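**Student:** The listed protein sequences correspond, in order, to chains A and B.
Mapping of the first sequence onto this note's numbering: residues 1 to 470, in sequence order.
Mapping of the second sequence onto this note's numbering: residues 10001 to 11034, in sequence order.
No lab work stands behind these hints, which were simulated from the structure alone.
This structure is a prediction, so every number in the text was calculated from the model and none was measured.
Mixed in with the good hints, there may be bad ones.
[Stated by the list, open to error] Within a straight-line C-alpha distance of at most 16 Å, the following computed EDC-like cross-link-like pairs (lysine to aspartate or glutamate) qualify: (1) B:K10048 <-> B:E10035; (2) B:K10519 <-> B:D10582; (3) B:K10420 <-> B:D10483; (4) A:K368 <-> A:D321; (5) B:K10567 <-> A:D27; (6) B:K10567 <-> A:E242; (7) B:K10248 <-> B:E10132; (8) B:K10565 <-> A:D30; (9) B:K10706 <-> B:E10733; (10) B:K10567 <-> A:D30; (11) B:K10853 <-> B:D10953; (12) B:K10249 <-> B:D10394.
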Amino acid sequence: MKRIYKNAIYLALPCLLVTSACEDFLDINDNPNNPTEASVSGLLVNSTFETAQNTYRLGSITSNYLQYLASPNQGSSSDIMDEVSHDNTWLNMYNAMTDLSVMIEQAESNGASHYQGAGQILQALHLGMMVDVWGDVPYSEAFNFETLTPAYDDDQALYTEVLSLLDAGISNLSSETTISMGNDDFIYGGDVDKWIKFGNMLKARYLNHLSKTAAYNPTEILAAVDQGFEGNEDDAQVVYFEEEFNPWANVAINNADLVLGGWISEQFIQATDGTTFGVVDPRLPYMVGATDDGEYVGTVNGAGRGNAPAAGARSTLVTGDFYSSEQSPVLIATYAEQKFIEAEAAFTVDKERSYQAYLAGIRAHMRKLGVAQEAIDAYINNPLVSMGMADFTIDDIFREKYVAMFLHPEAWVDARRYDYQYEGFTLPENANSALGGEFIRRLAYPDSEVSRNGRNVPDVSLTDRIWWDE
Amino acid sequence: MRRIFTAFAIIMAVFHFMEAHAQERTISGRVISAEDNTGLPGVNILIKGTSEGTVTDTEGKFRLSVPDQNAVLVFSFVGFETQEVQPQNRAVINITLRPDYTEMAQVVVTSFGIEQEKKSLGYAVQELGSEEITKTKQQNVVSALQGQVAGVQVTNAGGAPGQSARIIIRGVNSLDPSADNQPLFVVDGVPIDNSTIEDSDRTPRGLSNRAADINPNDIESMTVLKGAAATALYGVRAANGAVIITTKKGRAGAVRVNINSTVGFEEVNRYPRIQEVYGQGFSGQYNPNDFWPSWGAPIAAVADTVPGYQFENNWEDAMNTGRQIDNSVSVSGGNENATFYGSFSRLDQKGIIPFSEWDRSTAKLSGDIKISDQFNFSGSVNYINSGGNRVPHDRFMERMVYWAATQDVTDYINPDGTMKTYGNTNPIYDARFSTFQDDVNRVIGNLMLNYKPTEWLSFTYRVGTDYYSDSRTEITPGPMGIDGELPLSSIGFIRETRINSRDLNSNLFMTLNNEFSEKFRTTLRVGNDIFERDYERVDAYGENFVIPNFYDLSYASQISNSQDKRKRRLVGLYGDLMLDYDNFLFLNVTGRNDWSSTLPEANNSFFYPSVNLGFVFSEAFDFPRFLSFGKLRASWAKVGKDTDPHLLGATYAASDVYPLNGQVGFSRVSRFGDPELKPEETYSVEFGTNLQFLSNRLGVDFTWYKSNSRNQIIPVPISDATGYSVYITNAGEIENRGIELMLTGSPIRSSDFSWDITVNLSNNNNTVVNIREGIDEIVVGSQFGYVGSTVTMKLVEGEPYGNIYGSSYQRYYPDGTPENLTHLDADRPLVIGANGFPIRNGNQLILGNAIPKWFGGVRNTLNYKGLDFSFLVDFRADVEQYNQYDNFFSAFGIAEYTLARNETRVFNGVTAEGSPNTQEVWLGQGVGPDGVDYGAGYYRNHYRSVSENFVHDASFIKLRNISLGYNLQPGLLDATPFRSARIAVTANNIILYTPWDGFDPESFSAGAGGNAVGFTGLGYPGVRSLLFTLNLGF
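Only chain B is shown next, with the shape it has when bound in the complex (with noise of 0.2 Å):
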């Protein structure tokens, strides 16, 4: 080794002798990023004064002939701090570009996948890099954008394998209970699917999101588009903001490979608070076949006489450890014509709660072939199969809520394969052979053409196309036909569900670029845009099964079929004009006509415009030095929107339960859409500023903004003697404003050792400005409480969206109970009955609202020669949500606070006539101490009855991720044969920290498609994980 080294050190001497001999000299080397260590290709080098220079080759090398030794040569490239150097008498020189972190050098993508510069951008967007997508492990692209990006709100929906996550950017905008309000996913200029198909109608089974197919190693870039503004060019769909995903592409170069492997484990990050001191029975008598798990006696004094009777740790013992295995390899090189990645990755995941699993495979191949220097040509395929068996989950920990204390869970199978239980379903039993399996086959591919006949004018051509088919298979078996089992079902059942859903996009635009002179240069774009989304769903469900364990359609005695099919198109025209003024001053004016297919033809086009400014002041006059970098940005939008196909006018349906004796029945549906639909209008403006202190090590950027949905189109709940139940038209208005605040800084920045702080913070608030005349409330959605607890959550006008509507405790209001009370004042007094029990009112009051008004995020990183370390903590807060679990656990006596079963006590409040109550009640089952028969006692006949009980403060502050990696140094790597290794240990959500008694109080029941996120339900526990992840690079 040493020898060829000396061996080289000779041969490059001769050459520098050779080279010192020529008269004008030449000098060769290799430019670096200091990123990673690899060759950068495209780097331009310019003699400085001159018009002379070269650009680095495909491994970052160059040769450059200069006249003296005083020449200096800058090396510049986008993205990279410009540095200059005077060679003098080398021969070599050997470069290492920084990576720029200014907003002055960052280049954004935004609509269409075009790359703008930051600097020129009217309203706010916020860029992710790979590391800091991939550095959360998170599986779920959307999940890995949780506490990272200011006005976005991410929410995962449970800790099951796969299971879907909601992201809302600045605030719900639709009064349309079941409205999408999710932004536009966007990879690589193509808008992709991201619907989770979760049947309301049934028990949840915690599905994915379609962008959980996405694999995150693939990913470059993830742009978060919020604003109109920002979105006005995707049209109608961007409506709720964009996430523009930007892939890996090869570059010029040797061939790199790229190994990731990660192993992670996680389990139940938050139990809720529980008695365990009374066994199984009712009214405090011990009995081991009763359906009430926790009423009974106490455990300790049964066990004197029933042998082994013991509390047994069924929550714990219930849940698995899950873990994951994540495998992936990406290849990728090419030359200065043609470039490629390529990619491979298989996830395999358990999940905590038993039998729950999902994995995903992916391949994907993209390139990009420069034919000449007017036309490039680029595409890519993505091949995904995903798919797991997903536990009704809310069904397992309900009847995890029946099972009793004292019988062991785990313990659940006979050896004939029959359920093992003293009475009660038992929860894994269900979970083991209540599957529902899904598999998802999908092909995500675009194609991209570029030509550019001179400089000044180029067009580009996007078709791209993503299809899928959602294969689902449920099934509940019915009796085996042993005598004294107890079956899942009675008579069992299968269900078929087939889901194809292809779009197609196709996207042509024409940019012109003008410099009218050195300070005004101007961009114009114009361009077509069609979209169409075909979507089949068949559905096939057989009951009782003529074979016991022979579970088909052909052997179901009961069969029933269902179909729905959806086309949906649309057209747009669009313009967008950038006007540049002497790179300070940037206008922005764009203008788009969509056509949509789901309106009524004379409604069905509409324009919209929208206009932005960013300023950048700083440039424009002189400032003292410690400001580097200071913009202010406003723009205005308008936002049109199109409807769900297919909604126009009347129809006539046969219900699923035909045909009936070989006759099919028909039934008015009950939806009536108006033939009169006109589009949706948001309009929104923002107002925004970026400043950078010393030396861009200080970074500041806020944005305030205000949204106004109007003219929504909603189906209005109707009286249903009208013949309609829901009239769909528009009406209403939703308005949401807030601010975005973003602070970054970099406390310490050395060779050797880097601090990076990156905070976030966001408010929004939510006003339904008005519904339609007539219409008083629209319920998004309810959850079931016991006896009367049930919860709502309802849209009224001049209220917030997320109000949660249930029963309460009767407040003493000195001169009576005002009317039209609609929130619940906490603060007064109680008013107790002449039972001695606080007294219920069931009129529904506003118990809290299940909208955070600010939530948040830190990251820190700190850097250390080969040595990384981040955490990221987020929080949200002044939020409330329905807790479904205490209801059930008050309900069945599991919660700890009912260890007070059997005290005697005063309740704190007064009596109706205002004077402090002083009686005495006991709180225990049956004849109390005092004589008096307390039935059910206090929690089952009173507390359980009180929604007030259960709507509790969610707000939480998590540390969501903390990570420690170690890159091998070069000195290292020599040693070895890889070009980067680096070994990482990742943990997620290990700390939390929230009022809430419970699961982790983010898990809510709804799924990310669902709007109804104030109800925990019975929902999947939240988890945390630690992950180990190993990385090598050849």
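Chain A extracted, bound-state conformation (with noise of 0.2 Å):
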């Protein structure tokens, strides 16, 4: 009712000559619905839950590639590696990486250094997931709006980046801070320990990653290894939300809808079910769904499902197992996965090392996902899994992280780096022509990007090599 009164003043003292009361009468255009500056603990809520996000994101751009999954319609582009514009994913890893570089800045103001380094090492992982798929990009000239038309750096430049905001980030964690974690993180709840580990973990990650290059280094990766995740209780995940489902949770929710997505490849079940490997996977029951038979079928990437029915005929994502159920983490980065990498850079070094580490990263997933003890046992007493030192082979190593890698977007540098070498790995039926036999080995650059900034835009086939791959 006051209001009313109030408006009706307003209106009825038209301002025709007091231009003073005619701007405060105007003021109001301060936006009512959203604040024009963010605290750093709602920015740390936003940033640790996106990228999660990010890494669901990039993971179902790369898991048809990988062949964890398969279209259900022919020649599906994500399948037969066309080239597709991911102006969604790239707006989302900017919007992320810009939140970041506003939490950084305003952290360190605020003399916040935990929220400052816990923000370096989440810019360094988008930095380098961003790197890792598409090659050059945007960095120093972004997100503060100095130039409509940012340039694009250097690919191996932006490595030195993504390792030296792994260092700030874990010495600035290691400092004292003004504002302390708590809550407001989804990944470790405020576990500052814990940040400094993944920040080691990530270095070795992307250390590991120059193993086709001159700069490999494994005592560097074994080092960064060894102050990095000691379990499975230290991985970096986002429990998902009786509020928001898991993001996989939802493509399998769709499915079930008919609003077909999450099938599963056929080379990912004969990976996993004896039929490549000869030993028989106890994960698979826990990690997709079987068919109406109880069976574990899968799709060949980029034939679709042919005559089979939309529900019913072939393993898909289903809510109930490890990486699909609707409270289910998103894994950023893993105790498992960090003894692949250390596997894999012992393998040279210390070939024991390797091996024991190869055999605990196998066990490390499985208890992960829940597998009875005796299973585990069965499966790594295996001779095709013991195989023992003497016959144990780098290609062991990328078999078995390739099963723990499971929807993760790491897992497609493995296998540029491994060059898609896996048994019994082969191109999709109908693959995308332009690759001439080729593997994909890269993302094309977003229409919006080639729209809006066209100029600095590289000019880059999909068999053109990122720089660690060349």
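Now that you have both chains on their own, put them together as the hints suggest.
**Tutor:** Shown next as structure tokens:
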């Protein structure tokens, strides 16, 4: 009532002459819906959440290339390695990096060094993920609206930035802070020691990416591993919520609703059901759903489902499984992954350590999924898995890491470093002919960049390699 | 009866006798209107050559003394032909005044409800009377304008009850894909809200544009102000033109009651061509549980072994006959000092898609009080309740596509309430249970005070409000917990939306009239205008019902909320000077300064002028008799424009996923509003002429216009790496130019029979003059097509608005395909690949343009005694649209042309080297007769992936409206208790002529508020209707 009265007065007094009154009258443009500032705490909430979301988003692109997943539709561009414009993922990555850069800056001026350090670690992770799929990307002119058309930085130079961000992050997390993280941290609930281990684990990950380059330094990687995760309880992950389901669960729910998606590739099924390697992996039922007949049947990438009905005849992601339940975690970086990094790095310098790390990696992943101890032991004791140090090869590491990295975008870095040499791994049907019989090596720059920042976008093809892949 | 009449005649004769003996004779009588045979109050009666005379009373009666038998009486009234009568020795004179249809006498309502002589205007306006509005029986006032006004393009978004209609005057003026390019709607001098709030990120629901709340029966006239000159005085909000609605008012005299009843029926006016030969399955295999609706075995072959297996006429069976019942009653009357008008109406409409319905109830009261000669006062209140169940029409039609041709779609529910299905979701079940109810309560009211202290000075104050609440509830049920059911959603959800919007308008102006000499008159108007819109929307969304079939937010286990508040204020100061020299030369200069709350303080004040000139040369010089009227017009105007509220600077927002675990996360909003934002400017020029020939029986009105909108405030898409994705700034220019032609003719005009023709024709050409350095294109919208056939509407420098981009067949260029090719050259030969099929070109080329270059209409009206017959034909030409239905129909083997699925063909075209193609290929699925595996077949592997196949000519000619009515003639009426009675039958859209294959090409999925008009989507099909109307007056 009072408001009506107030407005009536405004209207009854046409400000014909009194311009100062007009100024007040018109001074209502401050946004009532959104604040003009955000706290570091609010930014951390969103940044930790979005880190998990972005891991999922990239994973949903790379999982078809890795043939974890296959499209139910024939010749689907996600399967056949067509050029696809991933505008939304690019946008989400830059949104997260923008927020992180605001958070880092704000935390620095507040003396909130733990927030600053966590921000730097997540920024390093995002930048690393960007470079690993796109190569050169804008960074030095990014985030602060300095220019409408930010320049692209060299991918190798950006790797230096990733590592220095991680170092800076670890150091800031180790210093005094004015504000402490807590429940606003969806990854570790404010446990700074775990953040420091996470920073070291990521150092190991990004250093290990250099395996094809002259800069590869196993000792440095093993040093980082030594300060990294000490068990599954250190895993960097976001457990999803009552109010917001795990994004893979949503894929499974939609698929059950006949909005098809999350179909499992025949390649993955055969890699785990004994067809390819002769050993049945007990993890399979924890990872993917069975058909109506209780079997695990994959879909051939690029071939589509053919005559198969929309439901019940093929394996898909289903709720109830480890990766695709409503409150499942999205794994960002795991102890299991770190063990396989250790195995790979130690392979040439300390093969015993390498072999033990390989077996520990398998065990860690199986425990993560909740596989029973007897089943774990049975699998580990299978001579095809525990082949002994002498017969143990780098192929075994990549084979097992492939299973342990299910749906994770990091697996695509492995696949390219390994040149897709997984046993039985073939090009999809109807593969994009522009690739000339090769596997895809990077993502195309999104249309949004080409149309908005075209002059700076590097001219690349899908078979051009990221610097560490050359 | 007869006796009474005789007695009356005797009394009259006595009076006659008495009067004849008076020295100065007294003459009495009544003046009635030829329009409706009712008394005309306020008619001027003057004894010719003197200044003596009188004015008729509220019932049109008069009494006047005349000096002698030779006196001549002149009866004149605005809007009617003047009549001279010599009473001689008659004492009673009854006069019937005929309406004057010539431009000279016409009065039109322009800015702020000011009535102006049409003759004096230097710009084009066009007016529709109540009859032209209600004759078409369109329940949406916007649709009622369709085909009737030059330069005005009206498109019905679809055939759903209450569904929005889009109106664009002289082309799209904004580069902003989300801009509302529609004109301002003004009712009795007060602007009202005409927004269409459709949630673009969810399935379309066919919601209403808010002007649809107005009961067309309450409207007296509608004037369309097209150019910037015409709308300069309404300021920024009328930058796209204005539609000025004047509602009916009471008249002094006896109380009149009008009753209007209409019953109507409607059905789909056009279906796509579909095949009826092949049934459910894939690769020609019969499979009654398959997802694939029509790639199976021939139905006839299967029917031999499967009894009852047949083609179901699902498309027609799924659609109902729509029906509407519309009743309204109005009461009006008053005396010299006070008049009133009141009305009630109720409309119930059920649409052709099952469970789609809309209703509208209105109540209106307006009154006018003349307190003294200096002071009068008027006001009106209009209450509206409208809303209904809005079926998800795109999803309904999509599910119709998936539903097998051999399964009866109307058999959709099991006795336990679960869906009856062979596997796919039944569209009718979804339409019934996925409900979306909107309930709008709205009050539009205004008050006007008029104070005229002296002859040359008056003050007018008008204040108005338009308040509505729109309460929306959307429910999709989850599982019922019955074994084997296929639920519509695995968890179910409820969304409660509450929208409150309030407009306040205040307008105070002073009018000064000065007659410098008999030949030179001026009117100056100075005023102040204030506008405020206060908008708030709250959404609450709950998922996962804990009790099946109990839909309440409290019983949903996942809840999220969002809120949106907006407030905008505008203050304007304006002046309007009109100079009239000797009634043939008219100059009008206006100036306005606006202050907007939406712009940065330093730039929030902006001034814009206009000037227009009308020259009635037929009065300045002598012309041959066949030219009865001639006028030239010219105008130049600038209009400023502000932007939406709360856009400036950078903000942070919590996404609606929060709170999670009690935490709320923030992210920087990816939109950044230029803190230096300036107002937009539109410059327009217009030249026109109006010529009337042969005593106004033939008229021509021609207008040429050009408008340029500069410094457009647009959301420029920028690299996400900048930290923002959208930069709202001043950038770009768009130009519209075109012509409008109106022809009016009255081939026959006699006392019993008349025939009038009105023709209007418009052409509009649009160019995006520039966007901004470094920005190549702006995407207005895109629509899905299978396997890379998605089409996009983009704005590109040098190209017109509305271009549709998509994939095409590769064309043969002997010297190689030129670089920077933008347009598809469909005349060139196709390049056929080594596999024998045409090669697809994924580069996005311009395949067509969705804005019609030519449109218009022809109305014929014939009157013979009490019978009237009229028809309106309208057309649009040179327009293309993306036919999403066709894309789906090819993908699912439904289109008629997929009957060729078992044929062998040599595609017409050339090989990459340019030699004619000779390779034979099979169009079917699987292994062909030649032993080659063709996989999913030609239509799925090739045809559906090429946008070019689905961008079609969407021109049409429509018999928009045909109506036949009969007015009971006075002789018969006398035997009834009625003052007037009319019965009429009307049919709409009964003839549609178009090259388009599909439902009515007029439908599009974006809704009136959306600019992506080139996409039909799987929209609500257009309808044809038949309506019966009865009007009674007491």
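**Student:** Now, for every hint given, state plainly whether the structure supports it.
**Tutor:** Hint check:
1. B:K10048 <-> B:E10035: violated, 26 Å
2. B:K10519 <-> B:D10582: holds, 4 Å
3. B:K10420 <-> B:D10483: Distance of about 13 Å is within 16 Å: holds.
4. A:K368 <-> A:D321: Holds - the C-alpha atoms of A:D321 and A:K368 are around 12 Å apart, at most 16 Å.
5. B:K10567 <-> A:D27: Holds: B:K10567 and A:D27 sit about 10 Å apart, inside 16 Å.
6. B:K10567 <-> A:E242: violated, 35 Å
7. B:K10248 <-> B:E10132: holds, 14 Å
8. B:K10565 <-> A:D30: holds, 11 Å
9. B:K10706 <-> B:E10733: holds, 13 Å
10. B:K10567 <-> A:D30: holds, 10 Å
11. B:K10853 <-> B:D10953: Holds - the C-alpha atoms of B:D10953 and B:K10853 are around 12 Å apart, at most 16 Å.
12. B:K10249 <-> B:D10394: Violated, at roughly 42 Å.
Comparing the model with each numbered hint stated earlier shows that hints 1, 6, 12 do not hold.
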